[in-house]
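**Student:** Go by the hints and put chain B onto chain A.
Sequences listed follow chains A and B, in order. Residue numbering for the first sequence follows this note's numbering, starting at 1150 and increasing by one per position. Residue numbering for the second sequence follows this note's numbering, starting at 6 and increasing by one per position.
No lab work stands behind these hints: they were computed from the structure. Just so you know, even glycine gets a beta-carbon here, dropped at the ideal spot from N, CA and C. One thing to keep in mind: the hints can contain errors.
[Claimed, not checked] Only part of the chain A face toward chain B is listed, based on derived beta-carbon distances under 7 Å: (1) Met-1507; (2) Phe-1521; (3) Phe-1525.
[To be verified] In silico lysine to any residue, SDA-like type, Cα no more than 25 Å apart, as pairs: (4) B:Lys-103 <-> A:Pro-1531; (5) B:Lys-53 <-> A:Lys-1530; (6) B:Lys-35 <-> A:Leu-1326; (7) B:Lys-96 <-> A:Tyr-1529; (8) B:Lys-53 <-> A:Trp-1306; (9) A:Lys-1530 <-> B:Met-99.
[As the list claims (entries may be wrong)] Counterexamples of contact, computed for chain A against chain B with all Cβ distances above 10 Å: (10) Thr-1429; (11) Tyr-1469; (12) Phe-1503; (13) Tyr-1506; (14) Arg-1524; (15) Lys-1630.
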Amino acid sequence: MFELPKKIKMIAAALTIVGLGLLVIGFNTDYSQASDGHDDHAVAQKDHDALSTHGDYPGEAHAAMIQAALTGELDDSHAGTHSDHDAHAEVTHELEEGHAEASHAEHAVDSHDDHGAARHAENRPWAGLLVNTIFFLSIGLGALFFLAIQYAAQVGWSVGILRVMEAMALWVGIPMLVMFFIGIAGSLHWHHLYHWMLEGIADPASANYDKIIAGKVAWLNAPFFLARTVIYFIIWAGAAYLFRRNSLKEDAMSKGKNLFFTQRKLAATFLVLYAVTSSTSAWDFIMSIDTHWFSTMFGWYTFAGMFVTALTVMNLIVMYLRLGGHMPWVNANHQHDLGKFMFAFSVFWTYLWFSQYMLIWYSNIPEEVTYFMNRFSAEYKPIFIGMVALNFLLPILVLMSRDSKRIFGFLSLASVFILAGHWMDHFIMVMPGTVGYEFGFGYPELGGLLFYLGLFVLVVGHFLGKAPLAMKNHPMVKESKHFHQ
Amino acid sequence: MAHTESPALVRALFTDDDVVLSAVKTLRDKGHSISEVYSPFPIHGLDKAMGLKETRLAIASFIYGLIGLTVAILITWYMMNSNWAQDIGGKPSMSWGKNMPSFVPTMFELTVFFAAHLMVWTYFIVNKLYPGAEAQNPDPRTTDDHFMIEMPAGKGVIPALKAAGAIEIIEA
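For reference, chain A alone in the conformation it holds in the complex (with noise of 0.2 Å):
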């Protein structure tokens, strides 16, 4: 039976700690005057001309729109592409509103300033969690989704590592855990990482009223939030426990006798519910923070990055176990083609990536594009263009040839490439609707990042060994055995 050595737990459990007292001392940090970022946000609005700054409040977010409408900074001819929709009208409209607005935030921009930005270095611990904890359940429910997968296609030759998707999958209860504190902290308004929790935010009589937000209320409202997280905790945790039950019950019964009928039932309804879950999740916890805007591939987009990060840490797991000799029935045709599967579901999510970012760059209406231009400002560019580099271009250099996905070097090196890359994609999907320019890779961030991580190897660790590595009793144990290509 496998266990986690002395030493790496000494070091996961050190992680956890250390990391833990980053957070605290990132929640006990006051960014607004820790940073200097009143003199860079000084430069950024020279740079961009107020736009994108508070992208996801309202009326500034207008303000911003219109501004830059005005000015032509979204587009030369925009007017001219627009005049036959009925969006013109609104737009007309609204540049005279927004005038109006848009002249308000010339003058007052640094009273504006000085209130967002101090709002947004709020927000920064808790936004350093959230990024930790989404990319961290990704791992665990993209593992979950790919367990599912392997009973619901019946496949023969990941019999060998299915211990190891389970104990991944089992993980995706700790960070739905945290991600429900995260809630319950944002309706008692301890952070506004979620713009749309704000009182007052569908009242007309109130100073926060947001048309565009108040008819979204009927899904994005608090107690419906938590009932949400609830449940994808049930559906996402509850799944994994069972698929752990039964191949754990299997191993139990006699020679000859499985349950892969029952795994494949539940797995077939479990696939039903993820897809639905997948992405409702992906727009409750991800999408409403930037609340004006929406895009109809995001739940796609989420998933994409979910899959690849959790077959990454798959292929990482597995290395490690081969190494120690705790797997020897997996060989290098099981990781070549996990390694195909990191390859071709990065090259997934950037067709994802791209449909996204096309679709709205190409029709360029401004409620759209105001996200994508938050993110190519001056500050957020490295970021956005290196992690796109990260997730594709290097999968796609390293990991194309044969070869390089059965030697070790290659593979663990891609993976944790893989690996930053899509945690700079959370990163960057999170910080400029919660934190705008305030944001920095400092204690919240690395702090949420050495908890989370030494957390997941303790308790993927404890699930490993609790059980054999090798299933005796799945009917495809053989089959996978021979594996070979």
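**Tutor:** What follows is chain B alone, placed relative to chain A:
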């Protein structure tokens, strides 16, 4: 391939792909060399069992893909920006760099097109397959339900083939 014509050859026919695969393995383990195997369909793992060199088609395909990408960049630039500049998506920037996202589908398609087509033509040329080419398989049954191992004649070859499950042996 055509260069397998040599004076003393033994051809053995089989009726099952698994038997052929294991026959190739045992014969090579005994130190015999296999010149060619004919089969109506590809047999998984046969290339490794025969000890064939790794194909270089993959490298060729990568280069063809790069050529396709280059061609795509050139024609999109020439057609859309240079020869007759177009207003793309309401963005009359007239520069390839700024319009690049809208050319990505073209770049992708031409990369695939070049890689796939040139790879197929390369395959045909390397294997001397052209219209009117003579069939290279010595026995038409290998296009139906039989498999054939072709190897140089030598001591102990025929008993070894028989032991490996050959149903018919032709000495040529």
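**Student:** For every hint, state whether the structure bears it out.
**Tutor:** Do the hints match the structure? See the list:
1. Met-1507: Status holds, d = 5 Å.
2. Phe-1521: Since chain B brings no Cβ nearer than about 11 Å to Phe-1521 (chain A), farther than 7 Å, the hint is violated.
3. Phe-1525: violated, 12 Å
4. B:Lys-103 <-> A:Pro-1531: holds, 18 Å
5. B:Lys-53 <-> A:Lys-1530: Violated, at about 48 Å.
6. B:Lys-35 <-> A:Leu-1326: violated, 63 Å
7. B:Lys-96 <-> A:Tyr-1529: Given pair Lys-96 (chain B), Tyr-1529 (chain A) holds - Cα atoms ~23 Å apart, limit 25 Å.
8. B:Lys-53 <-> A:Trp-1306: holds, 20 Å
9. A:Lys-1530 <-> B:Met-99: OK: Lys-1530 (chain A) and Met-99 (chain B) at ~23 Å, within 25 Å.
10. Thr-1429: holds, 29 Å
11. Tyr-1469: holds, 28 Å
12. Phe-1503: At roughly 6 Å from the nearest Cβ of chain B, Phe-1503 (chain A) sits no farther out than 10 Å, so the non-interface label is violated.
13. Tyr-1506: violated, 7 Å
14. Arg-1524: Its Cβ never comes within 10 Å of chain B, the nearest being 14 Å, so this holds.
15. Lys-1630: Consistent with the label, Lys-1630 (chain A) stays out of reach of chain B, its closest Cβ about 16 Å off (over 10 Å).
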